[in-house]
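Let's have the full structure, built from the sequences with the hints guiding it.
Number of protein chains: 2
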Amino acid sequence: MENTRPMTAAGRRILAAAEELFYTRGITAVGVDLIAERSGVTKRTLYNRFGSKDHLVAAYLTERDRRWRALVLAAVDARTDPVDKVTAPFDALRTWSAGNTRGCAFINALAELPDPSHPAHRIAADQKLWLRTLFEELATTAGCREPTTLATRLLVLHEGTLATQPLPLDTLSGSADLARALVRSGAPDTR
Amino acid sequence: MENTRPMTAAGRRILAAAEELFYTRGITAVGVDLIAERSGVTKRTLYNRFGSKDHLVAAYLTERDRRWRALVLAAVDARTDPVDKVTAPFDALRTWSAGNTRGCAFINALAELPDPSHPAHRIAADQKLWLRTLFEELATTAGCREPTTLATRLLVLHEGTLATQPLPLDTLSGSADLARALVRSGAPDTR
DNA sequence: GGCGAGGTATACAGATCAGTATACTTGTGA
DNA sequence: TCACAAGTATACTGATCTGTATACCTCGCC
Numbered sequence: 019m020e021n022t023r024p025m026t027a028a029g030r031r032i033l034a035a036a037e038e039l040f041y042t043r044g045i046t047a048v049g050v051d052l053i054a055e056r057s058g059v060t061k062r063t064l065y066n067r068f069g070s071k072d073h074l075v076a077a078y079l080t081e082r083d084r085r086w087r088a089l090v091l092a093a094v095d096a097r098t099d100p101v102d103k104v105t106a107p108f109d110a111l112r113t114w115s116a117g118n119t120r121g122c123a124f125i126n127a128l129a130e131l132p133d134p135s136h137p138a139h140r141i142a143a144d145q146k147l148w149l150r151t152l153f154e155e156l157a158t159t160a161g162c163r164e165p166t167t168l169a170t171r172l173l174v175l176h177e178g179t180l181a182t183q184p185l186p187l188d189t190l191s192g193s194a195d196l197a198r199a200l201v202r203s204g205a206p207d208t209r
Numbered sequence: 019m020e021n022t023r024p025m026t027a028a029g030r031r032i033l034a035a036a037e038e039l040f041y042t043r044g045i046t047a048v049g050v051d052l053i054a055e056r057s058g059v060t061k062r063t064l065y066n067r068f069g070s071k072d073h074l075v076a077a078y079l080t081e082r083d084r085r086w087r088a089l090v091l092a093a094v095d096a097r098t099d100p101v102d103k104v105t106a107p108f109d110a111l112r113t114w115s116a117g118n119t120r121g122c123a124f125i126n127a128l129a130e131l132p133d134p135s136h137p138a139h140r141i142a143a144d145q146k147l148w149l150r151t152l153f154e155e156l157a158t159t160a161g162c163r164e165p166t167t168l169a170t171r172l173l174v175l176h177e178g179t180l181a182t183q184p185l186p187l188d189t190l191s192g193s194a195d196l197a198r199a200l201v202r203s204g205a206p207d208t209r
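Note that the protein sequences, when read in sequence, are chains A and B.
Quick note on numbering: the first sequence equals residues 19 to 209 in my numbering.
Quick note on numbering: the second sequence equals residues 19 to 209 in my numbering.
Calculated directly from the structure, the hints in this document are not laboratory data.
Possibly wrong hints are sitting among the right ones.
Unchecked claim - Each computed SDA-like pair below joins lysine to any residue, with the alpha-carbon atoms no more than 20 Å apart:
#1 A/Lys71 <-> B/Thr46
#2 A/Lys71 <-> A/Leu91
#3 A/Lys71 <-> B/Lys61
#4 B/Lys61 <-> B/Glu37
#5 B/Lys71 <-> B/Asp102
#6 B/Lys71 <-> A/Thr46
#7 A/Lys61 <-> A/Lys71
#8 B/Lys71 <-> A/Val48
#9 B/Lys71 <-> A/Ala47
#10 A/Lys71 <-> A/Ala88
#11 B/Lys71 <-> B/Glu37
#12 A/Lys71 <-> A/Thr151
#13 A/Lys71 <-> B/Lys71
#14 A/Lys71 <-> B/Ala47
#15 B/Lys71 <-> A/Arg43
What follows is the structure in structure tokens.
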């Protein structure tokens, strides 16, 4: 909404520091003083740029969502086969997981911010619904049967893989295999 | 370890209040003063019983894990068919979700407590590994092919369903259906 | 009887939190 | 040139946090 305000160099540094700290240490556990110090900026500047900690949290999630969607869309573009495109978000998940071993930032944010009116809830919900819609569109293009059901199943697989990431389990490869199997069993030329 | 200490009536009230507050509002956001007030107890008593907030958090997760495992095992016992037993944890998930709409307490706890040496990490990891082992044992008993692979897939499905719970999506029924389909396709009398 | 465990009541220490106040500096563009 | 936007520097407010200190109460049990 008010994100049309141009971002200054200090604002970008603040946002970068907030992304790092909020994701690795948790939102409630990180204070604005620490973010200001890490970005080489005074607290006054932080408040001039973002208004409040809640707004900074919303900006953090929005920016993270933007980067993640770009990665997913790039992974889809990198595939040529329509069936491979459906499971391309799992390719992106492998890349993404390499530098993000603390699970899903949006699920984690919801865990710390129980108030449903907090902007984080809408951002997180939008992200998941966006991925579900993407799965459905790709499945439809690939000619899969029941693309809606398939999309929900792929979303659950995706989220389950992310959720188990901080645990001492390797679920990524198995989930990607299962996702491909589900898509192939629903694709028209595999039955 | 030191959980052999007998629990007093005040201790039980404290633990009950902590369970409710930690789960619904988040661990970092809830102070010990609030827990003491809610359980009708002095803060001094809380510290006499649990030593520190971190120990109380560990006790909260341990108790929650105990109740959840009992529910899962009861759901398995309620089924007679060996194939139905494999997907029984998804029956339990339906019951459990009715009163727990804030996702998985263990994933949420890891989101707020990034330090891997915190007891919450071991408790959460143990819970997931326990469920995975249970899936594998039930699948083996049911005569499923590749019970290890199947168990990991069922675990990811289970966690994905829990993780998407706070979102405006209904994933439970679809996941349970997929779980049953996976088990049936691996069971000996269905191929 | 008395003693000790468990609990109450209240106050406090020391740290940290989000957010504000005041005064100064610096670069840029009209 | 000069006005303005962006940022620096530092101090502060009031609230809240975990954890402790001190003094008292009240049972049950040896």
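Hints and how they fare:
Simply put, A/Lys71 and B/Thr46 have alpha-carbon atoms about 16 Å apart, close enough for the 20 Å limit, and the pair holds. Among the hinted pairs, A/Lys71 with A/Leu91 is inconsistent with the structure: their alpha-carbon atoms are about 30 Å apart, more than 20 Å. For the hint pairing A/Lys71 with B/Lys61, the CA-to-CA distance comes to about 30 Å; that exceeds 20 Å, so the pair is violated. Using a Cα cut-off of 20 Å, the hinted pair B/Lys61 and B/Glu37 holds, with the two alpha carbons roughly 17 Å apart.
Restraint check: the Cα-Cα separation between B/Lys71 and B/Asp102 comes to about 41 Å, which exceeds 20 Å; the hinted pair is violated. For the proposed pair B/Lys71 and A/Thr46, the alpha carbon gap of about 16 Å is at most 20 Å, so the pair holds. With a C-alpha separation of about 11 Å, the suggested pair A/Lys61 and A/Lys71 falls inside the 20 Å cut-off, and the hint holds. At roughly 18 Å between alpha-carbon atoms, B/Lys71 and A/Val48 fall within 20 Å of each other, so this suggested pair holds.
For a cut-off of 20 Å, the pair hint linking B/Lys71 to A/Ala47 stands: about 15 Å separates their Cα positions. Proximity of A/Lys71 to A/Ala88 is assessed by CA-CA distance (about 26 Å); at most 20 Å being required, the pair is judged violated. Using a Cα cut-off of 20 Å, the hinted pair B/Lys71 and B/Glu37 holds, with the two alpha carbons roughly 13 Å apart. At most 20 Å may separate the alpha-carbon atoms for a hinted pair to count; A/Lys71 and A/Thr151 exceed this at roughly 31 Å.
A hinted pair counts as satisfied when its Cα atoms are at most 20 Å apart, and A/Lys71 with B/Lys71 does not qualify at roughly 25 Å. Distance check on the hinted pair: A/Lys71 and B/Ala47 sit about 15 Å apart at the alpha-carbon level, within 20 Å; holds. Of the supplied pair hints, the one linking B/Lys71 and A/Arg43 holds, its CA atoms being roughly 18 Å apart against a limit of 20 Å.
Of the numbered hints listed earlier, those contradicted by the structure are 2, 3, 5, 10, 12 and 13.
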